[in-house]
Amino acid sequence: MIIKVALIGNPNVGKTAIFNALTGSRQHVGNWPGVTVEKKEGRCTHRGAEMEVVDLPGIYSLTASSIDERIARNYIIKERPDVVVDIVDASNIERNLYLTLLLLELEANLIVALNMMDIAASKGYEFDTEKLSLLLGVPVIPTVATTHFGIRELKDAIIEAASGKNKRRKVTIGYGEDLETEIRRIEEMIMEDPHLSGTYPPRWLAIKILERDEEVIGILERYQKKDVLEVVGWEK
Amino acid sequence: MNLRGMGVYALLIGALCVVFGLLEAVLVFMECEIWIPRDLFGGLALIVIGAVYLSGVRELLEEKNEGISFLLVGSILIGVFGILHILMIGADWLMYLLGEVDEFPVVNALRPEILLFVAALPVIVYFIRGVELQSSG
Amino acid sequence: MGEIDADTFADRRYRTIEEILKASLRVRGRGELTISDMLDRVFLNRVLGIPIFLILMWATFQFAFAVSEPFMVMLERAFGWLGGLFGEAETPLVSFWSDGICGGLGFVMVFIFPIMFLFLALAILEDSGYLPRAAFVMDRLMYRCGLHGRSFIPLLMGFGCNLPAIMATRTIGDERDRLITILVNPLISCSARLPVYVLIAGAFFGAHAGTAIFLMYVLGIVLAIMMALLFRRVIPGLKGRPSPFLMELPPYRRPTGRSILLHMWSRAVVFLRKAGTILLGGAIILWFMSSFPWGADLGSSYAGMLGHLIEPIVRPLGFDWMGAVALFFGFLAKEIVVETFGILYGVGGEDEIMAAVAGHMTPVTGLAFMVFTLIYLPCLATLGTVRAETGSWKWTGFMVLYQLLLAYTVAGIVVITGNLVMGV
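Chains as they are written, first to last, in our numbering: chain Y, 1 to 236; chain Z, 237 to 373; chain B, 374 to 797.
Bear in mind the hints are in silico, worked out from the structure with no lab data behind them.
Quick reminder that beta carbons are idealized off the backbone N, C-alpha and C, glycines included.
Take the hints with a grain of salt, since some may be wrong.
Some chain B residues close to chain Z (C-beta under 10 Å, calculated; not the full set) [claimed, not checked]:
no., residue
1, ASN418
2, PRO443
3, THR584
4, ALA641
5, VAL642
Heads up, simulated DSBU-like pairs for lysine-lysine below, C-alpha to C-alpha not over 30 Å straight-line [to be verified]:
no., chain 1, residue 1, chain 2, residue 2
6, Y, LYS170, Y, LYS131
7, Y, LYS123, B, LYS395
8, Y, LYS155, Y, LYS131
9, Y, LYS155, Y, LYS123
10, Y, LYS155, Y, LYS4
11, Y, LYS39, Y, LYS78
12, Y, LYS170, Y, LYS155
13, B, LYS395, Y, LYS155
14, Y, LYS170, B, LYS767
15, Y, LYS39, Y, LYS155
16, Y, LYS155, Y, LYS78
17, B, LYS647, Y, LYS40
18, Y, LYS4, Y, LYS131
19, Y, LYS39, B, LYS395
20, B, LYS395, Y, LYS131
21, B, LYS767, B, LYS647
22, Y, LYS123, Y, LYS4
23, Z, LYS300, Y, LYS123
24, Y, LYS39, B, LYS647
Please model the entire structure based on the sequences and the hints provided.
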């Protein structure tokens with residue numbers, strides 16, 4: 001079995017360096033279907049397991065407003081990679097974790113690679129990675145891609161995550177009682193349609209509807225979920 | 237090095253940069269034989285570097301840490317220009333060896349940028365050491 | 374219900390992040406001045422930021438031009454020797470080898486050195502983390518001019534090649550800003566135009582050639598900003614909303630020799646690949662057109678016929694028919710402009726071609742030719758990308774049209790003022 005791994009992260013976090021460290025020379029470059037965005041893929045073998053790594057475009061968020069963000073989010077929803085590695089710039093963690101939360105919402109099988117630990121350390125950052133891992137509910141692996149520090153641990157974590165042995169508590173990011181009531185209401189309406197809730201994570205759909213994400217509203221229109229659209233006051 | 241000392245140093249090098257820069261730029265419009273090259277943009281570049289040095293002088297003399305920023309960037313810039321002109325001398329010399337140009341005037345080659353680079357070297361070395369300490373500790 | 378929107382969610386997410394970090398991150402010695410803070414304080418300075426950017430760019434082009442000269446001479450001698458292997462060009466086959474391959478393709482190959490040195494310098498600026506700061510500073514300026522931010526990174530990337538730069542505009546959320554950034558991008562001098570500048574500036578401006586090249590790049594940036602402002606006024610609003618201004622400044626790093634050399638080498642490979650395909654093809658076509666009908670003199674060869682046909686268009690700017698042919702084929706790839714001169718002037722070696730250039734042009738027409746080459750048309754590959762990225766033939770056609778007009782106008786201004794100043 002080949003493990004499908006997707007790399008994601010903000011621009012300038014050393015994503016390419018991690019990709020190179022993981023795949024070495026076994027990579028090739030193509031295009032994402034329909035658009036001229038470069039698509040890099042590579043392979044590697046670790047402890048007898050074969051991995052296929054896809055490098056997603058560098059993005060800050062997962063809205064439908066830019067091509068890169070649409071590519072990344074549709075890949076995660078439609079291709080359902082076995083593991084998504086979110087590369088986070090440890091020296092700039094606050095902005096970077098935003099994407100991490102969005103990925104958790106998408107219910108991806110996530111690993112956080114806490115990259116650029118050297119620079120973070122020079123800024124005086126001391127991470128409690130155990131605690132961070134607990135709060136996010138996903139493995140957190142400290143790395144320094146330029147020196148290959150932590151790459152082996154990252155590969156181990158990928159194999160473990162792909163085997164479905166993540167024993168961590170699943171974390172849901174709460175939005176406070178007012179928003180949660182709305183989210184739950186819409187989520188229940190979505191659950192009525194088994195095909196829809198089987199294709200997309202219902203909670204994610206609910207949040208995106210409340211955020212007025214154009215693409216998700218388009219999906220709901222296609223599934224003719226008029227009741228949901230009415231709730232958010234969306235009129236054609 | 238204490239901050240006041242740095243301030244005086246920055247003042248000196250900054251002033252020299254501005255003076256040589258003005259000379260290089262102004263000489264373009266004058267007729268005279270002098271070892272300083274006539275180079276409008278080279279002169280403007282030196283004036284900018286001088287301005288960077290001078291911007292930090294006041295804070296340094298008031299013993300504020302922030303002033304080091306300007307001394308640091310000034311040193312980086314003069315380092316870039318010093319090395320650039322040394323490389324250009326090397327290229328000129330190669331051209332002379334290849335027989336493409338007839339002479340290799342060493343005096344003309346010694347541009348003010350290189351002299352100022354040498355003058356700024358102690359600070360540059362000081363900063364390089366400082367950076368190594370910060371990244372290892 | 375109405376008050377809940379994307380911002381509410383973003384807000385709550387950041388609050389969650391704050392909570393998470395409070396529990397898992399401890400910052401030692403906060404308030405200490407880091408090297409990065411110190412550098413930013415000067416490089417992003419409101420007054421000094423832009424002058425520093427300009428002098429570093431000047432140093433870059435000075436370096437790319439002056440330091441590469443001896444290497445160019447060496448490679449050129451090698452091609453000269455190769456070209457003379459089979460003696461005088463009396464038969465078509467020997468002529469093809471010495472005039473077409475060595476004189477044309479070989480001549481343009483020599484410019485691999487300025488291109489490599491340019492990328493060496495740009496790689497140092499980029500890897501050290503300075504270039505994003507320069508973009509930040511320029512964006513701030515453009516923002517004050519009424520342009521949306523985030524456009525300058527794609528413009529800066531245009532220094533290398535306009536093609537990836539145009540693709541990089543995808544980070545701009547607003548469709549109108551994106552279109553405008555695409556439309557003005559080819560005005561930024563890419564590395565393919567460098568050989569033309571090196572050749573002509575070297576012929577006319579001697580020790581100040583580096584400065585002349587630098588000014589071409591500055592002219593490109595200024596024109597791009599001016600046209601962007603103009604388009605913003607004229608082009609009606611397009612669909613889409615402005616994306617939030619998120620300018621991430623990567624940390625400063627000491628560039629490693631390995632990554633810089635790798636960067637330089639990868640650009641050299643791109644150039645070599647281009648030389649092996651489109652430039653080789655160009656050399657073959659141009660050699661054929663300038664040598665046939667066999668035995669005819671250059672003026673009545675096929676190239677001469679084509680040149681005389683299109684010469685009237687560029688005659689007012691002072692270009693002769695050879696310049697016209699060079700510009701005509703330069704549409705395929707801008708390096709071909711230089712290749713054309715190599716073949717049409719039919720003399721070996723950069724020095725002699727520079728002398729030939731100086732014989733065919735005045736300093737004023739030389740400058741006008743550089744300006745025209747800068748502006749007149751993006752290369753074929755860039756146009757294809759523009760078509761793909763805008764999804765519209767209309768905008769692609771518009772771009773070709775406005776650039777031709779602009780090139781003619783600016784080159785005309787150069788000729789007129791130049792002649793006034795020189796007192797001709």
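Do the hints match the structure? See the list:
For ASN418/B, the suggested interface contact is upheld, since its CB lies about 8 Å from the closest CB of chain Z, less than 10 Å. Taken as an interface hint, PRO443/B checks out: its beta carbon lies about 4 Å from the nearest beta carbon of chain Z, inside 10 Å. For the restraint placing THR584/B at the interface with chain Z, the shortest Cβ-Cβ distance is roughly 5 Å, inside the 10 Å limit, so the hint holds. A cut of 10 Å between beta carbons decides the hint on ALA641/B: the least distance to chain Z is about 19 Å, and the hint is violated.
Residue-level restraint check for VAL642/B is violated (minimum Cβ-Cβ distance to chain Z is 24 Å; threshold 10 Å). Proximity of LYS170/Y to LYS131/Y is assessed by CA-CA distance (about 14 Å); at most 30 Å being required, the pair is judged to hold. Restraint check: the Cα-Cα separation between LYS123/Y and LYS395/B comes to about 17 Å, which is no more than 30 Å; the hinted pair holds. Between the alpha carbons of LYS155/Y and LYS131/Y the distance comes to roughly 21 Å, so the proposed pair stays at or under 30 Å and holds.
The straight-line distance between the Cα atoms of LYS155/Y and LYS123/Y is roughly 27 Å, inside the 30 Å bound, and the hint therefore holds. With a C-alpha separation of about 12 Å, the suggested pairing of LYS155/Y with LYS4/Y holds against the 30 Å cut-off. Restraint check for LYS39/Y and LYS78/Y: satisfied, since their Cα atoms lie roughly 16 Å apart, inside the 30 Å limit. A hinted pair counts as satisfied when its Cα atoms are at most 30 Å apart, and LYS170/Y with LYS155/Y qualifies at roughly 22 Å.
Proposed proximity of LYS395/B and LYS155/Y is supported: the alpha carbons are some 29 Å apart, at most 30 Å. As the CA atoms of LYS170/Y and LYS767/B are separated by approximately 51 Å, the hinted pair breaks the 30 Å bound. Proposed proximity of LYS39/Y and LYS155/Y is supported: the alpha carbons are some 21 Å apart, at most 30 Å. Of the supplied pair hints, the one linking LYS155/Y and LYS78/Y holds, its CA atoms being roughly 24 Å apart against a limit of 30 Å.
Between LYS647/B and LYS40/Y, the direct Cα distance comes to roughly 22 Å. Compliance with the 30 Å bound is thereby established for this hinted pair. Simply put, LYS4/Y and LYS131/Y have alpha-carbon atoms about 28 Å apart, close enough for the 30 Å limit, and the pair holds. Under the criterion of a C-alpha separation no larger than 30 Å, the hint pairing LYS39/Y with LYS395/B is inconsistent with the structure, at around 37 Å. With a C-alpha separation of about 11 Å, the suggested pairing of LYS395/B with LYS131/Y holds against the 30 Å cut-off.
Among the hinted pairs, LYS767/B with LYS647/B is consistent with the structure: their alpha-carbon atoms are about 29 Å apart, no more than 30 Å. Of the supplied pair hints, the one linking LYS123/Y and LYS4/Y is violated, its CA atoms being roughly 35 Å apart against a limit of 30 Å. Proximity of LYS300/Z to LYS123/Y is assessed by CA-CA distance (about 21 Å); at most 30 Å being required, the pair is judged to hold. A distance of roughly 22 Å separates the Cα atoms of LYS39/Y and LYS647/B; the hinted pair therefore holds under the 30 Å criterion.
Of the hints listed earlier, those the structure fails to meet are numbers 4, 5, 14, 19 and 22, in rising order.
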